[in-house]
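Trainee: Spelled out from the first residue to the last, the chains are:
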Amino acid sequence: MTPDARYGPAEPAQPAQPAAGAGASAPLGTTTRPTATALAATATTKENRAPMTPEQTTWFAETFGALVANVGRAVLGKEHAVRLALTAMLSDGHLLLEDAPGTGKTSLAKAIAATVQGTHHRIQFTPDLLPSDVTGVTIYDQGTGRFEFHPGPVFTSVLLADEINRASPKTQSALLEVMEEGQVTVDGVTHPVGRPFMVIATQNPIEQAGTYRLPEAQLDRFLIKTSLGYPDRASTVEILAGAKDRTTGLQPKITTKAVADMADLAGTVHIDAAVLDYVARLLEATREDAQTSLGASVRGGLALVRCSKVWAASDGRGFVVPDDIKALAVPILAHRLVLDTEAEFAGVTAVQVIERIVASTAPPAQRAA
Amino acid sequence: MTATATATATSGRGVRGGAPRSGWPAVVDVVLLVGVLAAALVPLVPVYGARAAVPALAGGLVLGAAIGVLGAVRRWSAIVVVALVVLAYFLAGGALAAPSTTVGGVVPTLRTLTELAVGATASWKQVLTLQPPVGTSGALLAAPFLLALVGAVTVTATALRVRSPGRAALAAVVPGVALVGAVLLGTRQVIAPVATGLGLAAVLVGWAAWRAGGVRPRRFVALGVLVAVVAGCGVLGGPLVTGSTPRYVLRDELVPPFDPRAYPSPLSAFRKIVKAKDDPLFTVSGLPAGARVRLATMDQFDGVVWNVAGDGSAQGSGEFRRVGETIETTTRGDRARVTIEVEQLSGVWLPTVGQATAVRFEDPVVAGDLRYNDATGAAVLTGGVERGLRYTLDTVVPPVPDDATVGEAPQAPVVVPDDSGVPDVIGATAADVARDAGTPVQIARSLQKALAEGGFFSHGLTEAGDSPSLSGHGADRLTTLLGSDLMVGDGEQYASAMALMARQMGLPSRVVLGFVPGEEERGAESMTVTGDDVEAWVEIAFTGHGWVPFDPTPPRSQTPQEESTTKPSDPEPQVVQPPPPPPEPVTPPEDDTEQPQAEDPDSGDEGGPVWLRVARVAGVVAIPLVVLLGPLVVVLAVKARRRRRRREHPDAVVRVAGGWDEVLDAARDLRHPPSPLATRRETADELTRALSGVSGAGAAWSAHRAGSVVTRLAAEADAAVFGPGTPTLAEAAAYWRRVEQAVTEMHGALPWGRRVRARVSLASLRRSRRVPRAGGPPGRPPRRTRRRATPDTPTTHEQGPRS
Numbered sequence: 001m002t003p004d005a006r007y008g009p010a011e012p013a014q015p016a017q018p019a020a021g022a023g024a025s026a027p028l029g030t031t032t033r034p035t036a037t038a039l040a041a042t043a044t045t046k047e048n049r050a051p052m053t054p055e056q057t058t059w060f061a062e063t064f065g066a067l068v069a070n071v072g073r074a075v076l077g078k079e080h081a082v083r084l085a086l087t088a089m090l091s092d093g094h095l096l097l098e099d100a101p102g103t104g105k106t107s108l109a110k111a112i113a114a115t116v117q118g119t120h121h122r123i124q125f126t127p128d129l130l131p132s133d134v135t136g137v138t139i140y141d142q143g144t145g146r147f148e149f150h151p152g153p154v155f156t157s158v159l160l161a162d163e164i165n166r167a168s169p170k171t172q173s174a175l176l177e178v179m180e181e182g183q184v185t186v187d188g189v190t191h192p193v194g195r196p197f198m199v200i201a202t203q204n205p206i207e208q209a210g211t212y213r214l215p216e217a218q219l220d221r222f223l224i225k226t227s228l229g230y231p232d233r234a235s236t237v238e239i240l241a242g243a244k245d246r247t248t249g250l251q252p253k254i255t256t257k258a259v260a261d262m263a264d265l266a267g268t269v270h271i272d273a274a275v276l277d278y279v280a281r282l283l284e285a286t287r288e289d290a291q292t293s294l295g296a297s298v299r300g301g302l303a304l305v306r307c308s309k310v311w312a313a314s315d316g317r318g319f320v321v322p323d324d325i326k327a328l329a330v331p332i333l334a335h336r337l338v339l340d341t342e343a344e345f346a347g348v349t350a351v352q353v354i355e356r357i358v359a360s361t362a363p364p365a366q367r368a369a
Numbered sequence: 001m002t003a004t005a006t007a008t009a010t011s012g013r014g015v016r017g018g019a020p021r022s023g024w025p026a027v028v029d030v031v032l033l034v035g036v037l038a039a040a041l042v043p044l045v046p047v048y049g050a051r052a053a054v055p056a057l058a059g060g061l062v063l064g065a066a067i068g069v070l071g072a073v074r075r076w077s078a079i080v081v082v083a084l085v086v087l088a089y090f091l092a093g094g095a096l097a098a099p100s101t102t103v104g105g106v107v108p109t110l111r112t113l114t115e116l117a118v119g120a121t122a123s124w125k126q127v128l129t130l131q132p133p134v135g136t137s138g139a140l141l142a143a144p145f146l147l148a149l150v151g152a153v154t155v156t157a158t159a160l161r162v163r164s165p166g167r168a169a170l171a172a173v174v175p176g177v178a179l180v181g182a183v184l185l186g187t188r189q190v191i192a193p194v195a196t197g198l199g200l201a202a203v204l205v206g207w208a209a210w211r212a213g214g215v216r217p218r219r220f221v222a223l224g225v226l227v228a229v230v231a232g233c234g235v236l237g238g239p240l241v242t243g244s245t246p247r248y249v250l251r252d253e254l255v256p257p258f259d260p261r262a263y264p265s266p267l268s269a270f271r272k273i274v275k276a277k278d279d280p281l282f283t284v285s286g287l288p289a290g291a292r293v294r295l296a297t298m299d300q301f302d303g304v305v306w307n308v309a310g311d312g313s314a315q316g317s318g319e320f321r322r323v324g325e326t327i328e329t330t331t332r333g334d335r336a337r338v339t340i341e342v343e344q345l346s347g348v349w350l351p352t353v354g355q356a357t358a359v360r361f362e363d364p365v366v367a368g369d370l371r372y373n374d375a376t377g378a379a380v381l382t383g384g385v386e387r388g389l390r391y392t393l394d395t396v397v398p399p400v401p402d403d404a405t406v407g408e409a410p411q412a413p414v415v416v417p418d419d420s421g422v423p424d425v426i427g428a429t430a431a432d433v434a435r436d437a438g439t440p441v442q443i444a445r446s447l448q449k450a451l452a453e454g455g456f457f458s459h460g461l462t463e464a465g466d467s468p469s470l471s472g473h474g475a476d477r478l479t480t481l482l483g484s485d486l487m488v489g490d491g492e493q494y495a496s497a498m499a500l501m502a503r504q505m506g507l508p509s510r511v512v513l514g515f516v517p518g519e520e521e522r523g524a525e526s527m528t529v530t531g532d533d534v535e536a537w538v539e540i541a542f543t544g545h546g547w548v549p550f551d552p553t554p555p556r557s558q559t560p561q562e563e564s565t566t567k568p569s570d571p572e573p574q575v576v577q578p579p580p581p582p583p584e585p586v587t588p589p590e591d592d593t594e595q596p597q598a599e600d601p602d603s604g605d606e607g608g609p610v611w612l613r614v615a616r617v618a619g620v621v622a623i624p625l626v627v628l629l630g631p632l633v634v635v636l637a638v639k640a641r642r643r644r645r646r647r648e649h650p651d652a653v654v655r656v657a658g659g660w661d662e663v664l665d666a667a668r669d670l671r672h673p674p675s676p677l678a679t680r681r682e683t684a685d686e687l688t689r690a691l692s693g694v695s696g697a698g699a700a701w702s703a704h705r706a707g708s709v710v711t712r713l714a715a716e717a718d719a720a721v722f723g724p725g726t727p728t729l730a731e732a733a734a735y736w737r738r739v740e741q742a743v744t745e746m747h748g749a750l751p752w753g754r755r756v757r758a759r760v761s762l763a764s765l766r767r768s769r770r771v772p773r774a775g776g777p778p779g780r781p782p783r784r785t786r787r788r789a790t791p792d793t794p795t796t797h798e799q800g801p802r803s
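Residue numbers (full-length UniProt numbering), protein chains in the order written: chain S, 1 to 369; chain H, 1 to 803.
Because the hints were derived from the structure by calculation, they are not lab data. Heads up, some of the hints might be wrong.
[Stated by the list, open to error] Just the calculated beta-carbon pair ranges, DEER-fashion:
#1 S:294 with H:206: 40 to 46 Å
#2 H:685 with S:72: 43 to 49 Å
#3 H:675 with S:102: 49 to 55 Å
#4 S:232 with H:685: 20 to 26 Å
#5 H:675 with S:294: 57 to 63 Å
#6 S:233 with H:708: 30 to 36 Å
#7 S:359 with H:644: 49 to 55 Å
#8 S:102 with H:730: 55 to 61 Å
#9 S:183 with H:728: 56 to 62 Å
#10 H:708 with S:72: 24 to 30 Å
#11 S:359 with H:31: 48 to 54 Å
#12 H:229 with S:348: 26 to 32 Å
#13 S:287 with H:164: 51 to 57 Å
#14 S:287 with H:685: 56 to 62 Å
[Claimed, not checked] Reference listing, derived: stretches of chain H covered by chain S, where coverage requires no fewer than 3 residues with Cβ under 8 Å from a Cβ of chain S:
#15 186-195
#16 502-508
#17 644-657
#18 714-724
Treat the numbers as computed from the prediction; the structure is a model and nothing was measured. Where is the CB? At the ideal position from N, CA and C, for every residue including glycine.
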């Protein structure tokens, strides 16, 4: 029984046939495709899907590489973080960037938004931000005499939620529904957001005064949490030489339709039962670990599987290998752990716990029987 | 390194890894090695006798060990140590090695010093040439004293002072060398050789392993098994290999060679044998019809007697040599097996028949005394034959060609010893008799006929009624024989005369003393040969026919009594001018085939014994090889079986995964054990890094190729295992080819020695015990894969029943 089966068979989504030269300068045609939940799109059972063809994997890898290169023009020397961010996007997930100020969090988010040919909005979270400032409001139009919904900034392809931990919990939780379900319910009326829909949130771990820590439930909604870190010296020199916002010059490289197609295509990546078993063992290990009081949830496992498929496809493979899981375990699982108080007191971080668990869990070498 | 670690720990000095030994391990080293050395020198004790040898050996060992230890503690240089050894030799040598030259057995005199100086080199030879126990005279004990002294110094100095543990372990070789030396110098007396050898080997190898730091406690089970196997092989195989062969000692080799001239001419004993006419000399059974029994072959006449040259100076008789189990011969003829049991025959000469290919004695001790002359087929027992001696001859009896067969064949170009004191009458008579003869065989025949038909037979035993006939065959006797009115004599005289006459005519000839069984016994299965059967005849060598016998002795019935009435009237032949001598024998170019020792090699029927000997030698060589190489072969076989199982697994996925496991095992054998917690890619990266650490351009290139191939193999194995579908068998086969290429490249990056070590390494076979099985969810029985795969053919489940 794979974790996927919980969601049952989804509608058979035809993977997009890659157009020749996709990922080149001309973006693909823009059609906003209203879909059901993002999860259902990727969490599918294999029986209804034909596995990726070698051509598809090659196309996927090339397109992914082009996106990485494009974003990399704005965010120098951070290819791994860029890949993770794009993986989150193609997995229909959301990204949480946590880092010190001035490391390029906002640049990354802006670069990703600029790379995708679609709308992108930015919300600067402050303590006095209200939920309606995020989701939108219903106002009475005196001209028509009707209540009219004015969509908020969440109705966009890429939403940059800057300094999300500065907002009050109620505003933060306003993001909850839209992040998880891709729809906004205002005054009893449900408004779906488009696809792709991605939230790139940033938060500053240093200034904790006057901030509201994201609750565990909300952290779990983020598919990937990663940090950028400071660039190396060569990149720093290059950045200093430019000395202006590099994101402004970026051209969109991919349409929203193509993003959705890629996400669908990634869902067809084959994952062997042995690898699923490996994921399950990792999850169990996080729960049984002495230094955690709360382990990774099944949602964490699902996220890991979903991302590993994109990660594998971006490497030109139609199947997931344990290395994908290993590479993604920290950014996907670490923020979902709640550490034991003693461990926390001893200075152990969740990243260290995940790294230790990954290093001590034997990856599968054989196909599951 | 455990041993060294404890060594340094106990010493308390804390010097790193390769420090000289000190503390308790050093004491163990010295006591053990000197003890083993003492045991190795024990074979020298019987040479001198216990009272003489023990002080020299013990003194040498104690002095040597003391110098070695002192040198190690004080860190003296090699020159100082050697000087001390020389000093100790001359100071203590008087009391220990040359007591007879000292004052009161202790104080060395000037003579002691000179004796010791000479004895350092000369005593070795003296020990070997004297009959043990040799005692203590002169500086005879210098040899064992030196062996013990130098051996002990070498052993202690090596074990204590050499820093590298591996090299220090070489000290274990010294007692082995000393043992070989002591055995060679020693006697044939043997005390429990297998047990001693195994014990010494076990102690030495064990010590060497401990010194080199190779002993680990957890290996003791394997060690015990190995020791048991080796001990078993030694106990069972030792007797098989050596059998009951006496120990090889140099003393035996120094026995002076047999010199037949030291013995009286066997032909002179002719009359003595004849006198014992009714005494059974020996019994012969299995004698082929018409064959004669040969006692001695003589080819040198010195004017008094015919004797055996036997020193190799002439090809005619060759020399008497020790022979092995079989004797090579190129003679062709009827094969026979003849058994002879000696009764009253005495002397050194051994009765033989034809050309022997093997002489087997029932008493193996006697076999060492056998000397054989392959030119004549004669044999001697240096210890003399005695009653009850029984032996079997495998022999080839060459056929006797008649004159027509010999035809015009020239005499063989055999070099015979020069004669001396040949009476003139011989030449005159020979020329007269053979004047009508043309071919060499006709000359020989005419000589034989002249003697056999013109002479009278008498043993000269007047008591038995024979006519008077003197014994002997010197020049005087032969002159009498040929010059008197009446030719009277027996085989001794007639054979001598004819042989000399033949030589005068240019024919190579020799006299044979032997036995021709009496008429009544001829053809019987077993016959008793008495003195009456003794006979002497002549053999003449012809090219292409070998030595052909001629009987110049008149028939026994042709006695002077009967013939005297008619014969005396025989006119004395007119002294005629000798006919022109026969043409000088021309040596045809092709006649080198008739060397008595080198005839046409017989390719066919000699194969058996040679084959057998080769097999025996191979067996003797093979048993230690098997003991040494056996474990390695087993390792290789186990690895080959593992490879075959992986390669021929019915499931193509498992087959590919097995190919990767093969790469991993190769890495384990190369001492780059992969982590069981690493994925294939990580392992491949790690392996590439490890392999790139080699030096040398060629090796580095090989390592680079191996690295890239391994990386690719890892990706392919992942694709096969975790990808959708199943690889085809052809893909699996292609994968395996790359696996083997990768393994070859991995080995190619290494020097020769490490490559061989990797091939026979146990590292990859051990892993299943040591580390948990890599990969696979816990609790999954590994057998399930195989069971699932067997019922249906591997190509059928495209999307296997996994969910």
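Trainee: State for each hint whether it applies.
Mentor: How the hints compare with the structure:
no.	hint	result
1	S:294 with H:206: 40 to 46 Å	violated, 59 Å
2	H:685 with S:72: 43 to 49 Å	violated, 24 Å
3	H:675 with S:102: 49 to 55 Å	violated, 39 Å
4	S:232 with H:685: 20 to 26 Å	holds, 22 Å
5	H:675 with S:294: 57 to 63 Å	violated, 30 Å
6	S:233 with H:708: 30 to 36 Å	holds, 31 Å
7	S:359 with H:644: 49 to 55 Å	violated, 35 Å
8	S:102 with H:730: 55 to 61 Å	holds, 57 Å
9	S:183 with H:728: 56 to 62 Å	violated, 48 Å
10	H:708 with S:72: 24 to 30 Å	holds, 27 Å
11	S:359 with H:31: 48 to 54 Å	holds, 50 Å
12	H:229 with S:348: 26 to 32 Å	violated, 53 Å
13	S:287 with H:164: 51 to 57 Å	holds, 54 Å
14	S:287 with H:685: 56 to 62 Å	violated, 31 Å
15	186-195	violated (count 0)
16	502-508	violated (count 0)
17	644-657	holds (count 3)
18	714-724	holds (count 6)
When the structure is compared with the earlier hints, violations turn up for hints 1, 2, 3, 5, 7, 9, 12, 14, 15, 16 and for no others.
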